[in-house]
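Which chain is which? The protein sequence lines are A and B, in order. The opening position of the first sequence corresponds to residue 1 in this note's numbering, with each subsequent residue numbered one higher. The opening position of the second sequence corresponds to residue 1 in this note's numbering, with each subsequent residue numbered one higher.
Derived by calculation from the structure, the hints in this document are not laboratory data. Treat the hints loosely; a few may be bogus.
One copy or any two copies: either way a pair holds, since identical chains are not told apart in the list.
Once the Cα atoms are required to be at most 25 Å apart in a straight line, the calculated DSS-like pairs of lysine-lysine come out as [unchecked claim]:
(1) Lys436 with Lys212
(2) Lys235 with Lys257
(3) Lys212 with Lys241
(4) Lys212 with Lys235
(5) Lys413 with Lys257
(6) Lys362 with Lys10
(7) Lys125 with Lys235
(8) Lys467 with Lys24
(9) Lys125 with Lys413
(10) Lys413 with Lys436
(11) Lys362 with Lys257
Keep in mind it's a predicted model, so treat the numbers as computed, not measured.
2 protein chains.
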Amino acid sequence: MDSEIISRLKEAVGSDYVITDEEKARPFLIDWTKRFRGRAVVVRPGSTEEVSRVMAVAYDTRTPVVPQSGGTTLVGGSIPDDSGRAILLSLGRMNRIEEIDTGNDTVTVEAGLILEQLHRAVEEKGRFFPLSFGTQGSAQIGGALATNAGGTAVLRYGNMRDLCLGLEVVLPDGRVMTALRGLRKDNTGYDLKQLFIGSEGTLGVITRAVLKLFPIPRGRQTALVGIPDLESSVKLLDRVKAAAGSELTGFELIQRKCIERVAEQLPGVELPGPVDDCPWWILAELSSQAQEGASLEAILAEAFEAGEVANAYLAQSLSDSEAFWRIRESIPEADAIVGNNLHNDVSLKISLIPEFLEVTVKRLYDAYPWLDPSLYGHLGDGNIHFNIGSIPSNLAFENEEGIRRITYEEVVKRNGSISAEHGIGQLKRGHFLALKDPLELEIMERISQAIDPRGIMNPGKLLADRKD
Amino acid sequence: MDSEIISRLKEAVGSDYVITDEEKARPFLIDWTKRFRGRAVVVRPGSTEEVSRVMAVAYDTRTPVVPQSGGTTLVGGSIPDDSGRAILLSLGRMNRIEEIDTGNDTVTVEAGLILEQLHRAVEEKGRFFPLSFGTQGSAQIGGALATNAGGTAVLRYGNMRDLCLGLEVVLPDGRVMTALRGLRKDNTGYDLKQLFIGSEGTLGVITRAVLKLFPIPRGRQTALVGIPDLESSVKLLDRVKAAAGSELTGFELIQRKCIERVAEQLPGVELPGPVDDCPWWILAELSSQAQEGASLEAILAEAFEAGEVANAYLAQSLSDSEAFWRIRESIPEADAIVGNNLHNDVSLKISLIPEFLEVTVKRLYDAYPWLDPSLYGHLGDGNIHFNIGSIPSNLAFENEEGIRRITYEEVVKRNGSISAEHGIGQLKRGHFLALKDPLELEIMERISQAIDPRGIMNPGKLLADRKD
Numbered sequence: 001m002d003s004e005i006i007s008r009l010k011e012a013v014g015s016d017y018v019i020t021d022e023e024k025a026r027p028f029l030i031d032w033t034k035r036f037r038g039r040a041v042v043v044r045p046g047s048t049e050e051v052s053r054v055m056a057v058a059y060d061t062r063t064p065v066v067p068q069s070g071g072t073t074l075v076g077g078s079i080p081d082d083s084g085r086a087i088l089l090s091l092g093r094m095n096r097i098e099e100i101d102t103g104n105d106t107v108t109v110e111a112g113l114i115l116e117q118l119h120r121a122v123e124e125k126g127r128f129f130p131l132s133f134g135t136q137g138s139a140q141i142g143g144a145l146a147t148n149a150g151g152t153a154v155l156r157y158g159n160m161r162d163l164c165l166g167l168e169v170v171l172p173d174g175r176v177m178t179a180l181r182g183l184r185k186d187n188t189g190y191d192l193k194q195l196f197i198g199s200e201g202t203l204g205v206i207t208r209a210v211l212k213l214f215p216i217p218r219g220r221q222t223a224l225v226g227i228p229d230l231e232s233s234v235k236l237l238d239r240v241k242a243a244a245g246s247e248l249t250g251f252e253l254i255q256r257k258c259i260e261r262v263a264e265q266l267p268g269v270e271l272p273g274p275v276d277d278c279p280w281w282i283l284a285e286l287s288s289q290a291q292e293g294a295s296l297e298a299i300l301a302e303a304f305e306a307g308e309v310a311n312a313y314l315a316q317s318l319s320d321s322e323a324f325w326r327i328r329e330s331i332p333e334a335d336a337i338v339g340n341n342l343h344n345d346v347s348l349k350i351s352l353i354p355e356f357l358e359v360t361v362k363r364l365y366d367a368y369p370w371l372d373p374s375l376y377g378h379l380g381d382g383n384i385h386f387n388i389g390s391i392p393s394n395l396a397f398e399n400e401e402g403i404r405r406i407t408y409e410e411v412v413k414r415n416g417s418i419s420a421e422h423g424i425g426q427l428k429r430g431h432f433l434a435l436k437d438p439l440e441l442e443i444m445e446r447i448s449q450a451i452d453p454r455g456i457m458n459p460g461k462l463l464a465d466r467k468d
Numbered sequence: 001m002d003s004e005i006i007s008r009l010k011e012a013v014g015s016d017y018v019i020t021d022e023e024k025a026r027p028f029l030i031d032w033t034k035r036f037r038g039r040a041v042v043v044r045p046g047s048t049e050e051v052s053r054v055m056a057v058a059y060d061t062r063t064p065v066v067p068q069s070g071g072t073t074l075v076g077g078s079i080p081d082d083s084g085r086a087i088l089l090s091l092g093r094m095n096r097i098e099e100i101d102t103g104n105d106t107v108t109v110e111a112g113l114i115l116e117q118l119h120r121a122v123e124e125k126g127r128f129f130p131l132s133f134g135t136q137g138s139a140q141i142g143g144a145l146a147t148n149a150g151g152t153a154v155l156r157y158g159n160m161r162d163l164c165l166g167l168e169v170v171l172p173d174g175r176v177m178t179a180l181r182g183l184r185k186d187n188t189g190y191d192l193k194q195l196f197i198g199s200e201g202t203l204g205v206i207t208r209a210v211l212k213l214f215p216i217p218r219g220r221q222t223a224l225v226g227i228p229d230l231e232s233s234v235k236l237l238d239r240v241k242a243a244a245g246s247e248l249t250g251f252e253l254i255q256r257k258c259i260e261r262v263a264e265q266l267p268g269v270e271l272p273g274p275v276d277d278c279p280w281w282i283l284a285e286l287s288s289q290a291q292e293g294a295s296l297e298a299i300l301a302e303a304f305e306a307g308e309v310a311n312a313y314l315a316q317s318l319s320d321s322e323a324f325w326r327i328r329e330s331i332p333e334a335d336a337i338v339g340n341n342l343h344n345d346v347s348l349k350i351s352l353i354p355e356f357l358e359v360t361v362k363r364l365y366d367a368y369p370w371l372d373p374s375l376y377g378h379l380g381d382g383n384i385h386f387n388i389g390s391i392p393s394n395l396a397f398e399n400e401e402g403i404r405r406i407t408y409e410e411v412v413k414r415n416g417s418i419s420a421e422h423g424i425g426q427l428k429r430g431h432f433l434a435l436k437d438p439l440e441l442e443i444m445e446r447i448s449q450a451i452d453p454r455g456i457m458n459p460g461k462l463l464a465d466r467k468d
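Pulled out of the complex, with its shape left as it was, chain A reads as follows:
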């Protein structure tokens, strides 16, 4: 990078926070799946004002900017290319909680705040922030917004998009749009925050947000439920929804093998009992505010009578509940230990999922008999982590294009999504550009042109390269 630009960046944020040394910059330039590496000058602003100054320099000099939060992206969304031309804009220093407003049930935070720290801070005030996923000890709010993060509580509380009431965004030219109103209803013009949420850093830099808070749920009932076949998963979901309504806060489908692998690879994680009698398991959770809610035990007893359930372990305590969730959350780690690292993340209409899983796994096995599918996900949201790797991973990686092609063909045939939670980033850009409706792509490009006319925001991610 031009030394003139570097000195302007040092002026903008202070020279301590502009990292040009390759060794010191490295942690920011490798993604945590170790698939993507890049080169860039790392800039670490401490305030919105400093982000604004950095963006003004970038705009002026047409320097690409790659915003980065906790770096837990699975699609290379916050790693620059290897040209060394870009600014890696790390938001991690901007990690303050500005206000917890229990009267309005909102919290105002900076983008670099770590999700788990937000959980703890609002719990101390008797409130609950529901967004929750495996990497919440590293993931930051800005990245969760930029990727519209999901996780295990979407069924009841929605994605990050549904949890956000206001945003502050630094635009590509450095101007600051502060729309931190914290209102639950506001029909004064286009809802601009919706554009930036889920845009993967391609339209601007999210610097602050107002998020919704909820009362802490009091009653919690958790069960690990064995089902005789995939079809029963959807029937059981319908039954629990009808009986428990909005008290249903978790409904995760898990392939038996995933549970067994966790038990084998992670001696610290205990199973509540044998799981070999059922091919698929459901981790179901009801949460209610009232002391007396729907009874999960009673619902499961009825499902057992109907043949939808073959076995069930009911949590007897909060620590049982947490142990059950630990099984679910440890699956990626167990897969990583045995060397299966190919991630996937699709969504379909819920009713189509059993048939999709059967057809697609069979097609993949026919083409690649050595595959090791690791299947689990948020069935209640229609979202399956359709991980079709191999042990070790290299065989699957060598055939990645073919594996993804078959998978995505079956997804698109059923009008599903090739990325339910993880976004597009670098990893899925080719497939996304090939499979998305060309008219939708054209509108996205027009919006990108309108908001980022110089094309400096996170180039190489999501949308096609600009032709100018």
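Please arrange chain B on chain A, whose structure you already have, making use of the hints.
Relative to the frame of chain A, chain B by itself:
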């Protein structure tokens, strides 16, 4: 309008569905508050394909298009100007329910479907569509989407934006963007439907939608609760939220006078008992799926001990519940009978509402001692229908600018919204353009330019006139 354009429109939809006769066109060209009138050729397409053909003619000839659904806008959003140049595009013939998918809990509908008909159709399948407001017997789904409609169930289920999973939109040039995927999670690029929802017909014509369905709530507890003062409203809301969580589905604040006026003016609406002992009342409702939920009676008993509640009528039956809601829903009609027709619709952080009401009403009384405030609204969402009219209305209408100026000054000072539910349309455009952050306005204009480059979509509404 040019006869060449009219004959092309007749080709597009059939000559029966192009209305040029002024008498026959009139019902489409007066809004239901009788404040706005316009002139236009009325075109009534019967399918997305026909809408597409109409838009292609409009694009080609640079003819303005004003989309119209049920016509229940309170801000003149679907009434053209009086130039006679525009096409009034009425979606009412497109009123089919295409699919109720109980497995996916979604329904696919055309834009002209009346909201109340949707309620009935999904109820027959054992499902619930929560959007609900006074004019639901006339309002259509397309308009509810274009204005991001709210209503009485937002507290639990969100606005129309939160209830929509997919849209089909005919773009200004006639091309059709069909994104009817019905997925609860889809992070493949910008969420384009968010742009069209709430855009008041300024970006394209919504023709079909996929909407979320819910299980029918079983337990329902309703109470009409008298409170000693405004401060108690927020305290009681906090208490009920903490005790009932997501079971709280309604929390409406009502000025005593509004209830008394309903009783005086509408003999068919009965009160459960005297209301003169409290200046403000709350209509509170809990709904739960389980047979045993939180007990509203127990919560109110605690609130009584704490001095937050002074009187309460608990519904003893479903018909009691409905009678309580009828009181709330009859307020606009009672106001109309006595001649008070000035509507308003603001939102603020919930905790600021009592103080806002006291300060603003006092300021308005000081300036206009003859005012007749009619105050009620969705306190749980921070949304108040701050109706400051007069009896008869003409005095208030003659001073409308002054009344709105004082009101909006107090709203903006508290970072609130001057239109929580009703949108901007024609009525609030001047105030909106004067009060909204200029940078947000600039981004909205850039988006409008990007999607509607010829500026033919609903001109004169929401955004400023194009300068070209």
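TODO: Check Lys436 against Lys212 for me: Cα-Cα at most 25 Å, and say if that holds within a copy, between copies, both or neither.
DONE: For Lys436 and Lys212, only the inter-copy Cα distance (23 Å) is at most 25 Å; the intra-copy one is 32 Å.
TODO: Indicate which option fits the pair Lys467, Lys24 if close means a Cα-Cα distance not exceeding 25 Å: within, between, both or neither.
DONE: Close neither inside one copy (34 Å) nor across copies (51 Å); limit 25 Å.
Task: 25 Å Cα threshold - placement of Lys257 relative to Lys413 - done: For Lys413 and Lys257, neither the intra-copy (28 Å) nor the inter-copy (58 Å) Cα distance is at most 25 Å.
Task: Alpha-carbon proximity context of Lys125 and Lys235, limit 25 Å - done: between (39 Å within a copy, 16 Å between copies)
Open item on the list: For Lys413 and Lys436, with the copy left unspecified, which applies at a CA distance of at most 25 Å: within, between, both, or neither?
Closed with: within (12 Å within a copy, 44 Å between copies)
- [ ] State whether the alpha carbon distance between Lys362 and Lys10 is at most 25 Å within one copy, between copies, both, or neither.
- [x] Neither: 56 Å inside a copy, 53 Å across copies.
- [ ] Please work out whether the CA atoms of Lys362 and Lys257 approach to 25 Å or closer within one copy, between two copies, in both situations, or in neither?
- [x] Within one copy only: 17 Å inside a chain, 68 Å across chains, cut-off 25 Å.
Open item on the list: Treating 25 Å as the Cα threshold, decide for Lys212 and Lys241: within, between, both or neither.
Closed with: Answer is both; intra-copy 24 Å and inter-copy 14 Å each pass.
Open item on the list: Treating 25 Å as the Cα threshold, decide for Lys212 and Lys235: within, between, both or neither.
Closed with: Classified as between; 19 Å across copies, 32 Å inside a copy.
Open item on the list: As a check of your reading, is Lys235 near Lys257 (CA-CA no more than 25 Å) within one copy, between copies, both or neither?
Closed with: Result: close within a single copy only, 22 Å intra versus 51 Å inter.
Task: Up to 25 Å CA-CA - Lys413 versus Lys125, copy category - done: neither (47 Å within a copy, 27 Å between copies)
The earlier numbered hints that this structure contradicts are 5, 6, 8 and 9.
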